[in-house]
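S.K.: With chain P's structure known, arrange chain X on it following the hints.
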Amino acid sequence: MTTTTLAGIDVELNDEGFLVEPSQWTEAMAVDLARKEGIDPLTDEHWKVVHFMRSEYLAKGSGPSVRVLGKTSGVTIKELYQLFPKGPAKTAAKIAGIPKPKGCI
Amino acid sequence: MRCTSIACLYAMGVPVHRIVILGGGTGGTLTANRLRKIYHPDEATITVVDQNDDHLYQPGLLFVPFGVGTIKDITRPRRTQLHRDIHYSSSGVTKVELASNTVCLTDGSDLDYDVLVIATGATLSTDETEGLSGPGWMEKVFTFYTPEGAAALAAALRDFQGGRIVVNVVDMPIKCPVAPLEFCFLADAYFRKRGIRDRVELTYVTPLDGAFTKPVCSKQLGGMLDDRGIKLVTEFNTGVVDGTGGRLIAYDESEIPFDLAVVIPVHSGATYVANSEELGDELGFIEVDEHTLQSTTSPNVFAIGDAAALSASKAGSVAHFEGEVLVENIHRFLDGQNLDASFDGHVNCFIESGSSRALLIDFNYETEPLTGHYPGSLGLPLMKESRLNHLGKLAFQWIYWHSLLPGRNLPFVTSHMPRAGKNFVAPIQKEHSR
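Those protein sequence lines, which keep their order, are chains P and X. Following this note's numbering, the numbering of the first sequence begins with 123 at its first residue and continues without gaps. Following this note's numbering, the numbering of the second sequence begins with 401 at its first residue and continues without gaps.
Hints listed in this document are in silico derivations from the structure and should not be mistaken for laboratory results. Among these hints, one or two may not hold up.
To be verified - With a straight-line Cα cutoff of 20 Å, these simulated EDC-like cross-link-like pairs (lysine to aspartate or glutamate) come out:
#1 K472(X) to E548(X)
#2 K182(P) to D689(X)
#3 K193(P) to E548(X)
#4 K208(P) to D609(X)
#5 K619(X) to D137(P)
Chain P with its partners taken away, still in its complex shape (with noise of 0.2 Å):
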């Protein structure tokens, strides 16, 4: 766990880099976020996915995987790597300041 400052908020991020405290991320610390994954600027299409996310784990408590999201974002899985090269799932649940989304088991 490390406190790091995102917007000018002091924030805890866990050891993976996800925000320990969904409830404080704002879109202004996204764009921090997105930064520290290399992604600058956030693009309309970042930014469509990012919602996304956001508003999945708020209605059922868990980011999508990639291969929900490319059923239900409306943005393809192909898309969705270009967007976020690193893994679309971790990077804009990361960004999103919501936590991993979990791994089916």
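M.R.: Relative to chain P, chain X alone:
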């Protein structure tokens, strides 16, 4: 005159519960048989629907590619696994109409229910991965998750004289998440026995960030791959399977070449789920309360086994452990009582490690697989290779047909995860991600 037909009992106002179970596999069969024990035929009709009459012992598919057993050896008629006075309907399902409590069958008839149990498992969505079922499918690219695939792979492995074999999990969730790893261990032992192991390059390719989903176990299984000279490629998200060119191509455009690929396609729920309004999630699995197994949208619908969208593994042992709570809850629901919220996500899996040895893992929603013994200190060794565990895995097929499916309680085996015999040292609790 004695009233014997259900229609007659209805006409007389006698309450007869109509329980319909979709799917005559592990979960559906054991649920039907357990329900029959608590309801006399005059109290409830129990109808099981399945599209064919072949009940496959799915754990047996793992061994078929290595010439151990045939599909015939692991298949029995569904009908004969069901107790007397359980109706069996051999038909596909078109859709479920939740508003009218009706199941529409492909033979054109309808079935009305008071309680519906979804036990139609998971299906392989081969078409979701570009190229997978295209040129090279069943020639150079196989899966052992279907009877045809396992049989075809047996012939291909027999003829294999050397080269690169990749075992690829396309995406989670899949049935029996340890099976692809077991396949690697068995392949290693198989080629050693044939004396050509040095000519075979084995690679395990997974979208996960380790060999398995659970951290402690993942480390151990990863070590076992390493010990056997099996290469591990993690976080590989397969976008295309090029059967002709012999390449797995990831969405990030990285490639892994192969001479023979064993692919575990993505899984979805049964097709009719997608055609039924508000029944399932995006992948066709049924969202249920993780402790009661009751649908989150329809109180008189329950799901068991692979069909349920739970964070427990899709495995036969889970369906078995769920059965007890499910049957209790159907009973309570029909009696108007509060449900029993006691299913704990218990999973128990033997992991074949080759050369007649196996590991055993036992865990639940909250507790990682741990070392120790199961189901108590004098039991089978956990997380450790042993011949005893291998014998346990082999014996299980008999237990499956003769005890588990008929709905008998297995001696020493509880539906809740036992804590006795386990080494509870840190880290024991998984981190809550929400």
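S.K.: Hinted pair, alpha-carbon criterion (20 Å max): K619(X), D137(P). Please report holds or violated.
M.R.: Status holds; Cα separation ~18 Å.
S.K.: Sort out whether E548(X) lies within 20 Å of K193(P), counting only the CA atoms.
M.R.: violated (29 Å)
S.K.: Verify the proposed pairing of K182(P) with D689(X), using a straight-line Cα cut of 20 Å.
M.R.: The given pair, whose Cα atoms are some 13 Å apart, holds under the 20 Å limit.
S.K.: Mind checking the alpha carbons of K472(X) and E548(X) for me, to see if they're no more than 20 Å apart?
M.R.: holds (11 Å)
S.K.: Check the hint pairing K208(P) with D609(X) against an upper bound of 20 Å on the C-alpha distance.
M.R.: holds (12 Å)
Hint compliance for this structure: hint 3 alone is broken.
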